[in-house]
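Taken in order, these protein sequences are the chains called P and D. The opening residue of the first sequence carries number 1 in my numbering; numbering runs sequentially from there. The opening residue of the second sequence carries number 273 in my numbering; numbering runs sequentially from there.
If you're looking for bench data, these hints aren't it; they were derived computationally from the structure. Treat the hints with caution; some may be incorrect.
[Said to hold, decoys possible] Derived PhoX-like pairs (lysine-lysine); straight-line CA-CA distance at most 20 Å:
1) K150/P with K131/P
2) K484/D with K132/P
3) K131/P with K484/D
4) K150/P with K200/P
[To be verified] Chain D regions said to be covered by chain P (calculated; three or more residues, Cβ under 8 Å):
5) 461–471
6) 502–512
All values reported here derive from a predicted model rather than from experimental measurement. We put the beta carbon where it would ideally sit given N, CA and C, even for glycine.
Residues per chain, in single letters:
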Amino acid sequence: MTSVPAVATAHEALTGNPRFSVRGLEFYYGDFHALTGITIDVRENSVTAFIGPSGCGKSTFLRCLNRMNDLIPGTRVEGKITLDGADIYGPGVDPVDLRRRVGMIFQQPNPFPMSIYDNVAFGPRLHGVSKKSELDEIVENALVRANLWKEVKDIMGRGGLTLSGGQQQRLCIARVLAVQPDVLLMDEPCSAIDPTSVQKVEDLMAELKSSVTIIIVTHNMQQAARVSDETAFFLQERQGEAAELIEFGRTAEIFTSPRDRRTEDYITGRFG
Amino acid sequence: MTDPHGRDEATPVSAGSGLKMMSRATYLKEALLKNVFLLCAVMAVAGVALIFLFVGYRGWPVIQNPGLGAFLFGAEWSATYGKFGIAPLVTGTLVVTIGALLLGAPLAIGTAVFLSEIATPGIRRIVRPAVEMLAGVPSVVFGFFGLVIIRPIAAEMTGGMGFGALSASVILAVMIVPTIATLTEDALRSVVPGIREASYAMGATTWQTIYKVLLPAAKIGIIDAIILGMGRAIGETMAVVMVAGNAPQFFKGLGAPIATVTSQIVIDMSYASGDHRTALFGLAIILFMISMGLVALVRALSRLNAKRS
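Start from the sequences, fold in the hints, and give me the full structure.
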């Protein structure tokens with residue numbers, strides 16, 4: 001694993017406390033070994049981009065961070081992932097509570113088939129907020145933070161699915177922000193929405209990172225370069241083999257002077 | 273003679289250029305097949321139309337005797353005294369149908385939720401065919417089961433012989449479970465997978481995901497399933513005849529004998545004549561109208577569903 005020293009040196013250059021700390025992560029779908037030897041620190045209040053060709057395990061890794069993979073029968077995790085020092089796969093850890101602290105945005109906007117208001121109030125209601133005035137305030141705050149308030153404040157009773165794709169994605173972001181997560185995982189959040197909305201979501205990420213740690217999986221290298229502070233490059237070298245973290249470091253360095261030949265090949269478009 | 277495209281049948285498609293022409297044999301075969309399928313469709317429609325016409329023709333005279341009001345709202349059905357009021361029968365159908373839905377629908381929806389959201393693939397492979405097999409059991413076998421197993425239990429609970437509304441409702445409940453369960457499971461599975469994930473990712477538990485997100489999202493499909501189950505309960509005859517006691521009287525309690533629209537038809541049909549026979553056809557018209565109403569309701573709902581998504 002030639003990638004390990006590169007990762008270690010990248011760490012030293014970074015400042016800020018690690019929010020997520022991952023050490024020697026192995027991941028299996030049944031018999032298939034999907035990820036191997038992933039070691040990475042994600043700093044708080046930063047945007048970290050995961051890049052790599054299709055099937056390189058970046059989404060799988062993202063889903064390890066909020067234990068969404070638990071929902072797929074036959075998956076298995078080895079190694080250690082800590083969130084603010086606590087082992088998220090430790091005995092007795094409730095994945096439901098973890099997912100409240102680590103929100104997730106999906107590729108396809110997925111608002112619930114209910115009103116805009118109820119979509120955003122969903123999380124707070126789950127966690128026991130029932131007073132109308134309190135809910136109103138949370139909902140408005142979340143929509144303001146997601147830059148959607150102005151567009152929807154007069155149509156809160158309308159179905160979330162009546163919004164445009166880009167608005168739906170921001171509604172999903174508001175829905176997550178309403179439970180005040182520490183981390184926001186974004187799994188290709190812009191690949192199914194129109195260019196104007198992409199711009200809005202990217203602006204939003206820059207605004208949010210002062211309060212939320214953001215990790216984004218993206219296929220779009222320009223996007224990774226635009227929005228992220230740090231970039232991690234994943235690669236599955238041969239079909240059927242486990243994917244690895246090839247290189248991790250400051251985004252500027254990864255894109256201008258990558259240490260690893262394979263990173264350079266990928267970002268210069270030689271494959272993937 | 274020309275075909276629908278305005279081509280002359282005698283000189284099959286001539287492309288004029290270098291393209292190969294459709295041979296006459298191919299053309300005839302295509303035309304023949306098209307007509308065979310058309311005939312199949314026409315026969316299905318003709319079947320419905322003929323039954324409707326026949327039943328309507330034979331049942332129509334109830335308007336004169338006993339007269340529409342006396343027929344629909346008459347409280348007594350007695351062939352001996354020439355009284356043909358169907359109110360006790362219609363309410364009987366209503367009672368056993370509601371009873372069957374109250375018992376069967378929750379059971380069926382619970383089964384569907386289990387199959388779609390909770391069961392592991394291995395367990396699903398056993399439970400699902402078992403539920404489907406329930407739909408294939410002949411109704412006379414259900415009736416027999418009701419007679420031997422359900423009726424004595426009902427007798428103990430309500431007193432009397434156990435022939436009555438309770439036994440009929442229970443047996444109908446079992447019979448509609450597969451209909452409602454499989455359709456509800458389909459409805460749950462066709463919920464956009466993204467919102468299931470979104471709910472879990474928001475920190476919802478499995479139970480919260482089911483009752484706050486999935487059941488509301490599948491609501492229309494589930495109502496659809498219940499209506500079709502209701503249709504099955506209303507139309508079911510054999511099993512009801514075997515356990516209901518078959519007394520055409522208003523509902524007097526769970527243990528009291530009761531008759532339904534269908535059970536009365538099957539019991540009387542073998543010996544009825546004259547006005548009695550006409551009244552039975554009148555009953556069939558009512559049954560026809562109820563089931564057409566239900567089908568229309570289902571169609572309206574699915575249109576609503578299509579419009580919303």
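Hints the structure fails to honour: Of the numbered hints, 1, 6 do not hold.
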